[in-house]
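Letter by letter, the chains look like this.
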Amino acid sequence: MKKEVKEVVQWAVFTASFVATIELASRVDQWLTYGAPILGVYTYDSALFTSDEYGIRGKPNGHYEKWILNSSGFRGDDVTLEKPASSLRVVCIGASETFGFYEQPGNEWPHQLEQALLHRQIQGEVINGAIAGMSLPQRIQHLKNRLLPFKPDVVIFMLEYGSYAGLTSERIEARERAPMALPVQHDMVDGVKSLRVMSRLKDVVLPKLPMPIQELVGNMKRRLQIRTIKQELGPAYRSFQQVQPFERQALERDLETLRNLAETAGVRLILVSPAMWFTERNLADIVISWPYLDESWWREAGTVLPLVAKAFARQHDVFYIDLSETMRGSEEIYMRDFLHFSDRGAKLVADVIVEQVTAKPSFSGMIP
Amino acid sequence: MVFNSISFLGFFLLVFAAYWSLKAHWRIQNTLLLIASYLFYGFWDWRFPVLMAATTGIDYLMTNLMRWSPQRRKAYLAVSLVSNLGVLFALKYFNFFQDNLVSALGQFGVEVSPWFTGVFLPVGISFYTFQRLTFVIDVYREDAYQEVGFFDFALFVSFFPLLLSGPIERAKQLIPQLLRARDWQSSHVEQGIWLISWGLFKKMFVADNLATLVDPVFQEGWHGSGGEALVAIYAYAFQIYCDFSGYSDVAIGLAKLLGFDVRWNFNLPYFATNPSDFWRRWHISLSTWLRDYVFIPMGGSRHGEWSTRRNLMATMVLVGLWHGAAWTFVVWGAYHGLLLIVHRAVSPERSAEEHPLITVAVARAAVTFHLICVGWLLFRASSLQQAADIFVTIVSTLVPNGISLTLLGQLAGYISLLLLVQFVQRVKGSLLVLEGTSVPLKGIAYGILFYLTVLHGGTSNSFIYFQF
Numbered sequence: 006m007k008k009e010v011k012e013v014v015q016w017a018v019f020t021a022s023f024v025a026t027i028e029l030a031s032r033v034d035q036w037l038t039y040g041a042p043i044l045g046v047y048t049y050d051s052a053l054f055t056s057d058e059y060g061i062r063g064k065p066n067g068h069y070e071k072w073i074l075n076s077s078g079f080r081g082d083d084v085t086l087e088k089p090a091s092s093l094r095v096v097c098i099g100a101s102e103t104f105g106f107y108e109q110p111g112n113e114w115p116h117q118l119e120q121a122l123l124h125r126q127i128q129g130e131v132i133n134g135a136i137a138g139m140s141l142p143q144r145i146q147h148l149k150n151r152l153l154p155f156k157p158d159v160v161i162f163m164l165e166y167g168s169y170a171g172l173t174s175e176r177i178e179a180r181e182r183a184p185m186a187l188p189v190q191h192d193m194v195d196g197v198k199s200l201r202v203m204s205r206l207k208d209v210v211l212p213k214l215p216m217p218i219q220e221l222v223g224n225m226k227r228r229l230q231i232r233t234i235k236q237e238l239g240p241a242y243r244s245f246q247q248v249q250p251f252e253r254q255a256l257e258r259d260l261e262t263l264r265n266l267a268e269t270a271g272v273r274l275i276l277v278s279p280a281m282w283f284t285e286r287n288l289a290d291i292v293i294s295w296p297y298l299d300e301s302w303w304r305e306a307g308t309v310l311p312l313v314a315k316a317f318a319r320q321h322d323v324f325y326i327d328l329s330e331t332m333r334g335s336e337e338i339y340m341r342d343f344l345h346f347s348d349r350g351a352k353l354v355a356d357v358i359v360e361q362v363t364a365k366p367s368f369s370g371m372i373p
Numbered sequence: 062m063v064f065n066s067i068s069f070l071g072f073f074l075l076v077f078a079a080y081w082s083l084k085a086h087w088r089i090q091n092t093l094l095l096i097a098s099y100l101f102y103g104f105w106d107w108r109f110p111v112l113m114a115a116t117t118g119i120d121y122l123m124t125n126l127m128r129w130s131p132q133r134r135k136a137y138l139a140v141s142l143v144s145n146l147g148v149l150f151a152l153k154y155f156n157f158f159q160d161n162l163v164s165a166l167g168q169f170g171v172e173v174s175p176w177f178t179g180v181f182l183p184v185g186i187s188f189y190t191f192q193r194l195t196f197v198i199d200v201y202r203e204d205a206y207q208e209v210g211f212f213d214f215a216l217f218v219s220f221f222p223l224l225l226s227g228p229i230e231r232a233k234q235l236i237p238q239l240l241r242a243r244d245w246q247s248s249h250v251e252q253g254i255w256l257i258s259w260g261l262f263k264k265m266f267v268a269d270n271l272a273t274l275v276d277p278v279f280q281e282g283w284h285g286s287g288g289e290a291l292v293a294i295y296a297y298a299f300q301i302y303c304d305f306s307g308y309s310d311v312a313i314g315l316a317k318l319l320g321f322d323v324r325w326n327f328n329l330p331y332f333a334t335n336p337s338d339f340w341r342r343w344h345i346s347l348s349t350w351l352r353d354y355v356f357i358p359m360g361g362s363r364h365g366e367w368s369t370r371r372n373l374m375a376t377m378v379l380v381g382l383w384h385g386a387a388w389t390f391v392v393w394g395a396y397h398g399l400l401l402i403v404h405r406a407v408s409p410e411r412s413a414e415e416h417p418l419i420t421v422a423v424a425r426a427a428v429t430f431h432l433i434c435v436g437w438l439l440f441r442a443s444s445l446q447q448a449a450d451i452f453v454t455i456v457s458t459l460v461p462n463g464i465s466l467t468l469l470g471q472l473a474g475y476i477s478l479l480l481l482v483q484f485v486q487r488v489k490g491s492l493l494v495l496e497g498t499s500v501p502l503k504g505i506a507y508g509i510l511f512y513l514t515v516l517h518g519g520t521s522n523s524f525i526y527f528q529f
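Top to bottom, those sequences are chains A and B.
Going by this note's numbering, the first residue of the first sequence is number 6, and it counts up by one from there.
Going by this note's numbering, the first residue of the second sequence is number 62, and it counts up by one from there.
This is chain A alone, in the form it adopts within the complex (with noise of 0.2 Å):
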């Protein structure tokens, strides 16, 4: 009994040591690497974000792993409130896939934009003011408090229908008057709770692992995910399965609000289609990420929220490039979850809104 006691302490002492020492070499790793506090909480959130008066915003020379922020707490190079001399200011709007979530760093579509515009001799200076997770509205008060100081020129505003996902109109308006909050990341959320040195392994075994079991462990992680969610939800879960009539009016709402805050500041809106590709497999992923959705919403919604938008940009007179058919049918443009940029794909986004918009002659008239 004696002996069995020893070697269990034993065993225990030996998984202590070193279960501390990866997470300490792992958090002196980021350090000399990335300059991450050794001490501390260090997650994409917290290294990134901050809020001040107007919600969620970035956090000025926040950096978090292949990530960083400049002065403004914006990607990308550094910005001056003063516009420098014969160069056309650009800002882009977005959630993930324009603040470039996967992209290698510098080949988020924003950035891949100043460089074809540089390519077609046009001195453009590209602000990325986008947020990963923000919401359509927060984006619009974002701009409005944190871009328009910068005075651009162009707006270009990448839509997505996430916002609008099952949210009925008393949370909708709840959600209008309440300030805006970090976005939740579920996986984020899960490298906070966990060792830092977690994350890591997850990130680097996983994808050595055969496909096969990749695929196992994947499923099972999305069917715990779904149980937790159903748990939570109730009858609530998957409720919505079309496009209801308040979800189009919000979208409405918010595209006129967009254009009146455009229109006010004098600056050009150039409004982009959400280029997601909706397949059986992400179609049955994203109720992850959106609940109270069913699969055919989201098919009605890749349909009808764009007539919405296409409808609304014509009637207003609102450049609308819509990026669906460009991007559709391709695997090598996007990250497996068929909703994110690989970096070809953020280039291709990059060239067909430089193409279509050098070729616009109201545009080309601003080109300095």
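Just so you know, the hints here were simulated from the structure itself, not pulled from any lab data.
Check the hints yourself; a few may be wrong.
[What the hints assert, rightly or not] Straight-line alpha carbon distances no greater than 20 Å define the calculated EDC-like cross-link-like pairs of lysine to aspartate or glutamate that follow:
#: 1; chain 1: B; residue 1: 503; chain 2: B; residue 2: 251
#: 2; chain 1: A; residue 1: 149; chain 2: A; residue 2: 87
#: 3; chain 1: A; residue 1: 8; chain 2: B; residue 2: 251
#: 4; chain 1: B; residue 1: 233; chain 2: B; residue 2: 204
#: 5; chain 1: A; residue 1: 315; chain 2: A; residue 2: 348
#: 6; chain 1: B; residue 1: 135; chain 2: B; residue 2: 203
#: 7; chain 1: A; residue 1: 11; chain 2: B; residue 2: 496
#: 8; chain 1: A; residue 1: 149; chain 2: A; residue 2: 12
#: 9; chain 1: B; residue 1: 503; chain 2: A; residue 2: 28
#: 10; chain 1: A; residue 1: 352; chain 2: A; residue 2: 28
#: 11; chain 1: B; residue 1: 489; chain 2: B; residue 2: 251
#: 12; chain 1: A; residue 1: 315; chain 2: A; residue 2: 268
#: 13; chain 1: A; residue 1: 11; chain 2: B; residue 2: 203
#: 14; chain 1: B; residue 1: 503; chain 2: A; residue 2: 12
#: 15; chain 1: A; residue 1: 149; chain 2: A; residue 2: 130
Position chain B against the provided structure of chain A, taking the given hints into account.
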């Protein structure tokens, strides 16, 4: 399926669990290991195990015929040698000799097309052929062996931990272990886990990362600085050492987990203080094989200095040729032969003992290391011309341009932990450095190895010595 892959981990865990669940039945354990070994080899190419089974059958038959008709054993040995070395020659060296013959005939104006191309080269063939020959030659020499059944002999040849890159185990060492029950010993398991962890660290962290410093310099059309080339050669010295000795450590560790004791293949070779000492520490299973089955039968050092020099040179050229069918390997072998001959000439005492003065010992080790590095340049280059070009670049541009501190920093970063552990191994006089240390220290050591191997290890799915 290589040792540093997840699929091998799954394969080994299955074999390990099944193997020890049959603890009471060592013959069934052998059958399991034989099936696992052939499956493991078949993952590479289905033709490989077929060829191995055929040549194993021939050797088994010949050794039995030697026992039954001792008066004709020379003829049976000849059949075995011809079949083993013939297959090795046909698959590994035929193209080399054919190309050289065609080129030589072309010099005399005789245009000949190659007769035969597209031969497949089974991975590990040089290793298992030499391993099998130890049995054949020992039976021929009438070294006592207990009766070995065909399947046990086939397992001796194909034993999967050693199959692809050795160590080339002697029949005398391994066969007796195959013919008795293996005990589960916790010390064996502990040693095995350390060797596997240390071996994977050497392979994945050190060797695979150093490849990023080495490969660009040896690419076609490289035009860099002498400093870059010098760092690449130093890096290659550690890359090849860690790649091969890492494999050997994992192989020995896996064998230990299955209850087998396999000889060491490396013993801190860069601590060698002379060329002779280096070959006592580097690829020990091959150098002792050649000593016992080539150098000594040729006369060894028994017939005067000139005869010894000739035997040394012949043996080392054979070492070079064993590594591959290319002139760079032949010249590399001859270079090492020359080093051994010169060392015999200049060093009156050939004792393995170190010089009592530490500074002298360190200086000798440094000189030996640099001589070995010159050899590695020949070994790594794709042609003698490339080796000469790189050498000229180093000599002509090193002094004016110097060495990039960034490259030196990278090199130091990848090898510093290796050197630290090897220093401890040297001082402790044991490669199993964690034996007898405290439990928390073990946890810390395994934690560091795990972190660097898994989170900073390379992703190469091959080992350098697979090509030999």
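Going down the list of hints, with the structure as the test:
no., hint, result
1, B:503 to B:251, "11 Å, holds"
2, A:149 to A:87, "17 Å, holds"
3, A:8 to B:251, "18 Å, holds"
4, B:233 to B:204, "9 Å, holds"
5, A:315 to A:348, "27 Å, violated"
6, B:135 to B:203, "12 Å, holds"
7, A:11 to B:496, "18 Å, holds"
8, A:149 to A:12, "64 Å, violated"
9, B:503 to A:28, "16 Å, holds"
10, A:352 to A:28, "37 Å, violated"
11, B:489 to B:251, "18 Å, holds"
12, A:315 to A:268, "18 Å, holds"
13, A:11 to B:203, "52 Å, violated"
14, B:503 to A:12, "15 Å, holds"
15, A:149 to A:130, "19 Å, holds"
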